[in-house]
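Please build the complete structure, drawing on both the sequences and the hints.
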Amino acid sequence: MKLNERSLAFYATCDSPADSAGFLYKRGERHSTYHRRWFVLKGNMLFYFEEPGSREPVGVIVLEGCHVELCDSSSAEGFAFAIRFGGTKSRTYVLAADSHAAMEAWVKALSRASFDYLRLMVRELEKQLQEMRWRPDGVCGGCRGPPAAAKAEPPEWPQERPPTLPALPPKENGCAVWDNVRPPSASGCSGYEADGSPRPPLPPRKWPPNSKAGSAGVVTAESLSGFCQLHERYGREVTRLRQDWLERR
1 MKLNERSLAF YATCDSPADS AGFLYKRGER HSTYHRRWFV LKGNMLFYFE EPGSREPVGV
61 IVLEGCHVEL CDSSSAEGFA FAIRFGGTKS RTYVLAADSH AAMEAWVKAL SRASFDYLRL
121 MVRELEKQLQ EMRWRPDGVC GGCRGPPAAA KAEPPEWPQE RPPTLPALPP KENGCAVWDN
181 VRPPSASGCS GYEADGSPRP PLPPRKWPPN SKAGSAGVVT AESLSGFCQL HERYGREVTR
241 LRQDWLERR
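The sequence shown begins at 1 in UniProt numbering and counts up one residue at a time.
No wet-lab data here; the hints were simulated from the structure. Hints should not be assumed to be uniformly reliable.
Distance windows between CB atoms, simulated [unchecked claim]:
1. G53 - Q130: 47 to 57 Å
2. T33 - M121: 36 to 46 Å
3. G78 - Q130: 44 to 54 Å
4. L70 - S7: 30 to 40 Å
5. T88 - D116: 14 to 24 Å
6. E51 - R84: 22 to 32 Å
7. Y11 - T33: 23 to 33 Å
8. M132 - A9: 38 to 48 Å
9. T13 - R133: 36 to 46 Å
10. E5 - L118: 23 to 33 Å
Quick caveat, the model's predicted, so the values are computed rather than measured. Glycine is no exception: its CB is placed at the ideal position from the N, C-alpha and C atoms.
In structure tokens:
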């Protein structure tokens with residue numbers, strides 16, 4: 001952006017807040033005499049006027065590529081400081097304040113006005129923010145490197161209850177029994193007699209009222225093979241009765 005006298009004069013006298021303002025004594029460039037001027041600091045520009053109500057500044061000092069330092073106590077003004085620029089032909093501005101406190105305030109404000117200082121401050125703040133993000137507790141402890149990564153704990157999965165297994169029917173002599181047949185005999189759990197003929201169906205067993213099987217109504221069966229044979233026998237009987245009924249119609 002290009003600046004001219006008109007834009008600088010407008011910026012110096014506009015209503016934007018100033019970083020610092022007050023009277024200082026400025027030493028002349030050719031003569032060593034000091035002139036009392038009204039100084040206004042806005043950003044990295046130091047304007048100076050003849051009076052606080054002046055419409056245009058007398059001059060401006062761009063605070064880039066310079067450093068502020070205190071002058072020797074043997075100078076004419078006891079609270080003097082200088083603004084020095086790099087280079088052999090660069091001008092040095094010598095200013096003086098009315099008190100030691102005012103001198104310290106001006107030196108501090110002028111030292112922090114350059115963009116180089118602001119750039120360093122932004123980098124330092126970004127570094128501190130990065131350290132705070134690395135820390136698990138969110139507190140910056142002044143560490144210079146990224147701390148060790150915290151061990152990730154495995155997620156806690158909800159504990160599910162194991163499925164309930166179906167209750168097995170009670171056994172007698174090692175074979176499951178049902179309530180529509182008698183318990184198997186000592187000869188074995190098979191559905192055949194000793195001579196090899198199929199065993200006829202038996203009426204339901206009447207359990208004593210004080211027995212556990214009768215009170216709980218537990219269903220028992222002879223065995224899987226005996227149940228299949230019983231099912232086939234009754235199935236054939238039902239089929240025969242159905243055929244007879246159809247023929248009588």
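Checked hints:
1. For the hinted restraint 47 to 57 Å between G53 and Q130, the CB-CB distance of approximately 48 Å keeps it satisfied.
2. Judged by the Cβ atoms, the range 36 to 46 Å given for T33 and M121 holds: they are separated by roughly 38 Å.
3. Separated by about 45 Å at the C-beta atoms, G78 and Q130 satisfy the suggested range of 44 to 54 Å.
4. As the Cβ distance of L70 to S7 is approximately 33 Å, the hint placing it in 30 to 40 Å holds.
5. Between T88 and D116 the CB atoms are about 21 Å apart, so this pair conforms to the stated range of 14 to 24 Å.
6. One distance hint, 22 to 32 Å for the beta-carbon pair E51 and R84, holds here, with the actual separation near 28 Å.
7. Distance hint for Y11 and T33: a CB-CB separation of about 29 Å, consistent with the stated range 23 to 33 Å.
8. Taking the beta carbon of each, M132 and A9 are about 44 Å apart, inside 38 to 48 Å as hinted.
9. For T13 paired with R133, a C-beta distance near 44 Å keeps the hint of 36 to 46 Å intact.
10. Separation of E5 from L118 is about 26 Å and conforms to the stated range, judged on CB atoms against 23 to 33 Å.
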